[in-house]
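All chains should be built: construct the whole structure from the sequences, respecting the hints.
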Amino acid sequence: MRGKRARRQKEKRKKNISWSAPEVAEGYNELSKSIDEMYGRLAEVWGHCDDVRFRWVQVGNRRGFVVWIYAPIGKELAQEGLLEPLATWDGPDISWDGLERVLQTVSLNTVKTVKEINAAIGNGQAVLCVDGFDRAVAMDVMDFQGRVVEKAIVESVVRGPQEGFTESLETNLGLIRRRLKSPRVKVEYMTLGRVSKTTVALVYIQGIVKPGFVEECRERLQRIDVDSILDSEYIEELIDDAPFSPFPTIEYTERPDRLAAEALQGRVGIIVDGSPNALLVPAIFVNFLQSPEDYFERYTMAAAVRLLRHLFFWMALLLPATYVALLSYHQEMIPTTLLMTLMSTHEQIPFPSVVEALIMEITFEALREAGIRLPKAVGQSVSIVGALVIGEAAVAAGIVSPAMVIIVALTGIASFTIPSYNIAITLRILRFPMTIMAGVLGLYGIIIAVLILWTHLVSLRSFGVPYLSPIAPFMWPDIKDVFTRPPWWQMRHRPKTMESVDLTRSAGIPKPLPGQTERDPP
1 MRGKRARRQK EKRKKNISWS APEVAEGYNE LSKSIDEMYG RLAEVWGHCD DVRFRWVQVG
61 NRRGFVVWIY APIGKELAQE GLLEPLATWD GPDISWDGLE RVLQTVSLNT VKTVKEINAA
121 IGNGQAVLCV DGFDRAVAMD VMDFQGRVVE KAIVESVVRG PQEGFTESLE TNLGLIRRRL
181 KSPRVKVEYM TLGRVSKTTV ALVYIQGIVK PGFVEECRER LQRIDVDSIL DSEYIEELID
241 DAPFSPFPTI EYTERPDRLA AEALQGRVGI IVDGSPNALL VPAIFVNFLQ SPEDYFERYT
301 MAAAVRLLRH LFFWMALLLP ATYVALLSYH QEMIPTTLLM TLMSTHEQIP FPSVVEALIM
361 EITFEALREA GIRLPKAVGQ SVSIVGALVI GEAAVAAGIV SPAMVIIVAL TGIASFTIPS
421 YNIAITLRIL RFPMTIMAGV LGLYGIIIAV LILWTHLVSL RSFGVPYLSP IAPFMWPDIK
481 DVFTRPPWWQ MRHRPKTMES VDLTRSAGIP KPLPGQTERD PP
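The sequence shown begins at 1 in UniProt numbering and counts up by one.
For the record, the hints were derived by calculation from the structure and aren't laboratory data.
Heads up, a few of these hints could be off.
[Said to hold, decoys possible] Here are the simulated lysine-lysine pairs, PhoX-like style, with alpha carbons at most 20 Å apart: (1) K112 x K33; (2) K151 x K115; (3) K210 x K496; (4) K210 x K186.
[What the hints assert, rightly or not] Derived DEER-like restraints, expressed as beta-carbon distance ranges: (5) E30 x R55: 22 to 28 Å; (6) K511 x S228: 50 to 56 Å; (7) G212 x R55: 47 to 53 Å.
Here a beta-carbon is modelled for each residue, glycine too, at the ideal position from N, C-alpha and C.
Pasting the structure below:
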């Protein structure tokens, strides 16, 4: 009998749910002075939400009620800042100003529409409605147990700040304010997502950033009309200049110091509540080959490493294709002794070199992907041991040559030196058509593929900024910070690429010279 009664109640409850009902019924957005009518409106909107609580309270000689989502509310904050002050009120008829003075909460704001009340409740705030007032009070008593600030995972450095963003928007903005304390650092809030109501923050430095970048970014965000924004990647796809290009035109970072440094260059940061990755716009190609650690090490070492990084980029893209082209079509370019060694190891292989390269590349990518998806303790062992075992077994079985295993291994190592993960993925994808073009046309195929690639890069824009600048168009003042890293005393101006309002970074940083002691003669 109990089971039948429970099923009947469940079916009756389903029938009462309006599956197409809007959040605010037409004509019911304005608040009512009648507390019973106000309670009915909110109870209808938040009906069948078992985690939403309504509690009637007495405010002087007036009735009222508090509505909140139970899970994120801090019980002590709600008790001390809201319920106790209302319970201890023993004065005459309370006014609105008196009500605001009684409530002892840090964050207190007035809401005047049902839509604003729904947004406040959804954000974890408690809302107090009192009979006789056509407005309500929203109080921040939220106590989410979020992830604490931890070390950056992807953009890790040996020297420099170790902090990374978390999923809390307030925490992330605090990390930025900790580094940029000037009032010129502006933060603009937006709410995106019809259902998720996700808070998005624009961060920029007034007087440095080009106003057009902020306006364009604001317009693109306001055009977004989707149900939910659960991560910054959603926004990246929706505001991207070239969504079908393999090259990203929007950069992301998990480091607050990186966002602060880029804001000082004239770029705009986009931080999404619930995402540990912030977006940076505009983004140009050379940004993806720069590491935050380049500016934390001595410039001589950083310049050498950055130059090697550009070399490794082309190695990761073209090394297998070049090997296939030379071995298949241009043997005369290989030294005779080396050619004889390569041919002797390859004569027992049943596949042409292009097929051999594709087999090894696919196998290596499978191992790398498995190492990422598996638990950290297991994944690292699988990727390393798996590569050794499969490579050795493939050579012993005569499927691939030892030289091809070396080429693929060097290519993988070179791709690991790329600091940006999304550019590294782009290299992994483009490596396959490059190898196929080399297998079909040799070095001519590689040249054609590189020209097509270069033409595509030149055609790209990021918020109006040429993607290959300062290389194309060529800007001599900015080129010194592309392939190498100049010392700080030579970086007196901001990059012209970002068209900053204030290009002067420093009035003049003196070059360090050996100092004189007081006893040294003048």
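Status of each hint after checking the structure:
This hinted pair checks out: K112 and K33 have alpha carbons roughly 11 Å apart, not beyond 20 Å. Under the criterion of a C-alpha separation no larger than 20 Å, the hint pairing K151 with K115 is inconsistent with the structure, at around 39 Å. For the suggested pair K210 and K496, the alpha carbons sit about 11 Å apart, so the restraint of at most 20 Å is met. For the suggested pair K210 and K186, the alpha carbons sit about 13 Å apart, so the restraint of at most 20 Å is met.
At roughly 24 Å, the beta-carbon separation of E30 and R55 lies within the given 22 to 28 Å, and the hint holds. Restraint check, K511 to S228: a C-beta distance of roughly 53 Å satisfies the suggested window 50 to 56 Å. For the hinted restraint 47 to 53 Å between G212 and R55, the CB-CB distance of approximately 50 Å keeps it satisfied.
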